[in-house]
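Once you've looked at the hints, dock chain Y against the given chain S.
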Amino acid sequence: MLQVTDLHVTVEDKEILKGLTLTINAGEVHAIMGPNGAGKSTLSAVIAGKDGYEVTQGSITFEGKDVLEMEIEERAQAGLLLGFQYPVEIPGVKNIYLLKSALNAQRKARGLEDMPAPEFMKLVKEKLGFMKMDASFLQRAVNEGFSGGEKKRNEILQMLVLQPKLAMLDEIDSGLDIDAMKVVADGVNSLRAEERAILLVTHYQRLLDYIVPDKVHVLVDGRIVKTGDAELAKQLEANGYEGIEESAA
Amino acid sequence: MSDTQTFLDTLKKRSQQREAEPTWIAARRQAGAARFEALGFPTRRDEEWKYTDVRSIAQGNFALSDNADFSPAQAAALTLPVDAYRLTFVDGVYAPALSDVDALPESVHVLPLSKALSENHEAVGGPLGRLTGVEFSSFAALNTAFMEEGAVVRIAPGTVVDKPIVLQFLSRANSAPVMSHPRILVEAGGRSEATLIEHYCGELEAANFTNVVGEFMLDRGAILNHYKLQEAPLNDMHVASMHVEQGRDTGYTSYNLNLGGALVRNDLISDLNGQGAETHFYGLFFGQGRQHVDNHTKVNHYAPLTFSNENYKGILDDRAHGVFNGKVYVKRDSQKIEGFQSNQNLLLSDRAQIDAKPELEIYADDVKCSHGTTTGQLDEEAIYALRTRGIDEATARGLLTLAFAGEVLEKVTLDAIAERVELAVAGKLPERFNLAGLVETAVALND
Numbered sequence: 001m002l003q004v005t006d007l008h009v010t011v012e013d014k015e016i017l018k019g020l021t022l023t024i025n026a027g028e029v030h031a032i033m034g035p036n037g038a039g040k041s042t043l044s045a046v047i048a049g050k051d052g053y054e055v056t057q058g059s060i061t062f063e064g065k066d067v068l069e070m071e072i073e074e075r076a077q078a079g080l081l082l083g084f085q086y087p088v089e090i091p092g093v094k095n096i097y098l099l100k101s102a103l104n105a106q107r108k109a110r111g112l113e114d115m116p117a118p119e120f121m122k123l124v125k126e127k128l129g130f131m132k133m134d135a136s137f138l139q140r141a142v143n144e145g146f147s148g149g150e151k152k153r154n155e156i157l158q159m160l161v162l163q164p165k166l167a168m169l170d171e172i173d174s175g176l177d178i179d180a181m182k183v184v185a186d187g188v189n190s191l192r193a194e195e196r197a198i199l200l201v202t203h204y205q206r207l208l209d210y211i212v213p214d215k216v217h218v219l220v221d222g223r224i225v226k227t228g229d230a231e232l233a234k235q236l237e238a239n240g241y242e243g244i245e246e247s248a249a
Numbered sequence: 001m002s003d004t005q006t007f008l009d010t011l012k013k014r015s016q017q018r019e020a021e022p023t024w025i026a027a028r029r030q031a032g033a034a035r036f037e038a039l040g041f042p043t044r045r046d047e048e049w050k051y052t053d054v055r056s057i058a059q060g061n062f063a064l065s066d067n068a069d070f071s072p073a074q075a076a077a078l079t080l081p082v083d084a085y086r087l088t089f090v091d092g093v094y095a096p097a098l099s100d101v102d103a104l105p106e107s108v109h110v111l112p113l114s115k116a117l118s119e120n121h122e123a124v125g126g127p128l129g130r131l132t133g134v135e136f137s138s139f140a141a142l143n144t145a146f147m148e149e150g151a152v153v154r155i156a157p158g159t160v161v162d163k164p165i166v167l168q169f170l171s172r173a174n175s176a177p178v179m180s181h182p183r184i185l186v187e188a189g190g191r192s193e194a195t196l197i198e199h200y201c202g203e204l205e206a207a208n209f210t211n212v213v214g215e216f217m218l219d220r221g222a223i224l225n226h227y228k229l230q231e232a233p234l235n236d237m238h239v240a241s242m243h244v245e246q247g248r249d250t251g252y253t254s255y256n257l258n259l260g261g262a263l264v265r266n267d268l269i270s271d272l273n274g275q276g277a278e279t280h281f282y283g284l285f286f287g288q289g290r291q292h293v294d295n296h297t298k299v300n301h302y303a304p305l306t307f308s309n310e311n312y313k314g315i316l317d318d319r320a321h322g323v324f325n326g327k328v329y330v331k332r333d334s335q336k337i338e339g340f341q342s343n344q345n346l347l348l349s350d351r352a353q354i355d356a357k358p359e360l361e362i363y364a365d366d367v368k369c370s371h372g373t374t375t376g377q378l379d380e381e382a383i384y385a386l387r388t389r390g391i392d393e394a395t396a397r398g399l400l401t402l403a404f405a406g407e408v409l410e411k412v413t414l415d416a417i418a419e420r421v422e423l424a425v426a427g428k429l430p431e432r433f434n435l436a437g438l439v440e441t442a443v444a445l446n447d
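As given, the protein sequences belong to chains S and Y, one line each in that order. Just so we're aligned, residue 1 is where the first sequence starts under UniProt numbering, counting upward by one. Just so we're aligned, residue 1 is where the second sequence starts under UniProt numbering, counting upward by one.
Just so you know, the hints here were simulated from the structure itself, not pulled from any lab data. Be a bit skeptical, because a hint or two may be false.
To be verified - Here are the computed lysine-lysine pairs in the DSBU-like style, where the Cα-Cα straight-line distance is at most 30 Å: (1) K298(Y) x K411(Y); (2) K125(S) x K411(Y); (3) K411(Y) x K151(S); (4) K411(Y) x K122(S).
In isolation and in its complexed conformation, chain S is listed as follows (with noise of 0.2 Å):
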């Protein structure tokens, strides 16, 4: 489904990814761990679409498509959604909005007709209720006076109501207590699929015990230095990454 070969990035001329390459079939779940600086955000950025990152050598293919080419907005209707570590607020813009905007963009890019309203409210009532989240939700602009727990509920309730193919998760887990991080993982589970991928990039073992990744891989310096299942993040929490490293070395 996506594959990433020999990329290397720069940003402000200093390289932070040197090569990395992988491999994410469909029904999978992929968590990607490494220390601070390691080049973890700098990868879901990239797929994304996010300006300032430059892509000097490699390739990323999404369905056999070439992802490098896409715009922003065309990666998300093929299916690829990035949850931010850092949701933006985005003032006067009702939820409600960006949820219905987003699905009928993405639907009308597959040919399909806008969804009727009832059914898009059916579907958004449902979604919302797995997130324990209430309707007043939808009435507030995107994100804004959100807690940092609400600001994550809400990323996932966009990727439940879009669907994605890859969903990736970029350190869905920072600032969330016990309770918050259990609501967030279930709604991550709830997306686990035979035709869906997940990607989660987190700093902490803590998240994939509740989200168990199907493979692990350990970044460090910009290269993906060691690849195994949901042991290896045990074997980090425990020994941390500088062992890693220097096996990698």
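Just chain Y now, with coordinates in the frame of chain S:
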């Protein structure tokens, strides 16, 4: 030849063609001409015109239109789809064929000024010019000198007008530019309630000069919702001098929506003369190309226990220039008043410009007043965030621009108007931005 002379010559020619008229009109016309001649056109040395250069008007040579020919199909396309009582003027000339006031109840009079004068000129003579007289400004004086046509609206006490009253002003793409000096006179009787819509629009290539004067008198307990929607043509010049007088317990709301015009200047003043009077000024100005849009507002709290709230938003693109000057005046010992004012501006391009100046003048000690002005750009992070959800860039920019305008636009309860403004400001969006209906559905589903 001085700038004023061209206008005075046109006036003289017109006077020679005109049939005899009541002495009071002739006298006011003369007073207007004299005042205009003495003042001349304002220059940027005048504090009130510091940011607005009116030479494009002053140096123009505008004829007066003598007919109201306009294709009905074209007019229909411009007309707001609102079920309303409607008077239409074409380049200032009354167009009966494009008007519809037949079904008016007896308690409401909506008639062209020319007809009001011919039917009973004395009834007009009293109120006309009382609020926006020749002293108001050079433009108001010029209007008085030329006044011939416009609208007279009288609402009997206790009457709730069932439909909005629309005054539609169409501007044509003439071979040579024309000017018009409409007058709007509204007398709202005690406890009456009405919605008035001034709508300025026209052919895209038009480049005419409209110099309108409005006088709005609200008797005790009257409520008036006043929309002023001014759309393309983008080359029109538009000056409006509006003065509102509010008696006790009256409610006046102005929705001043400026979308068109090469040069636009609005002066809006409300006098709160009686306790319990309340005024709301909502403004939205959108400039593109080289448009210049200037809004000067003033609220005079002449009585205690009065309330005013003002919220003006400006959106400027390309090389457009906006001006906002809002004054709140509290007379000595007008205690227990509240006056709030906010002006926020959004610059969509590096070359767009805004001059904003809020002013408070308070001579009472027990008051609650605030004002503030801000200017900023669209948040690029927010645009990115919306695009990562699949929303294309143009729509994302449109959404954020509309979101900025939201505080003002959500007060616009007439969908036909809100839609025009949305389209002009944000381009075509997937659906109506205001999704109040949808949210209600959501709440209902939750029950």
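Index of numbered hints that the structure contradicts, given in increasing order: none
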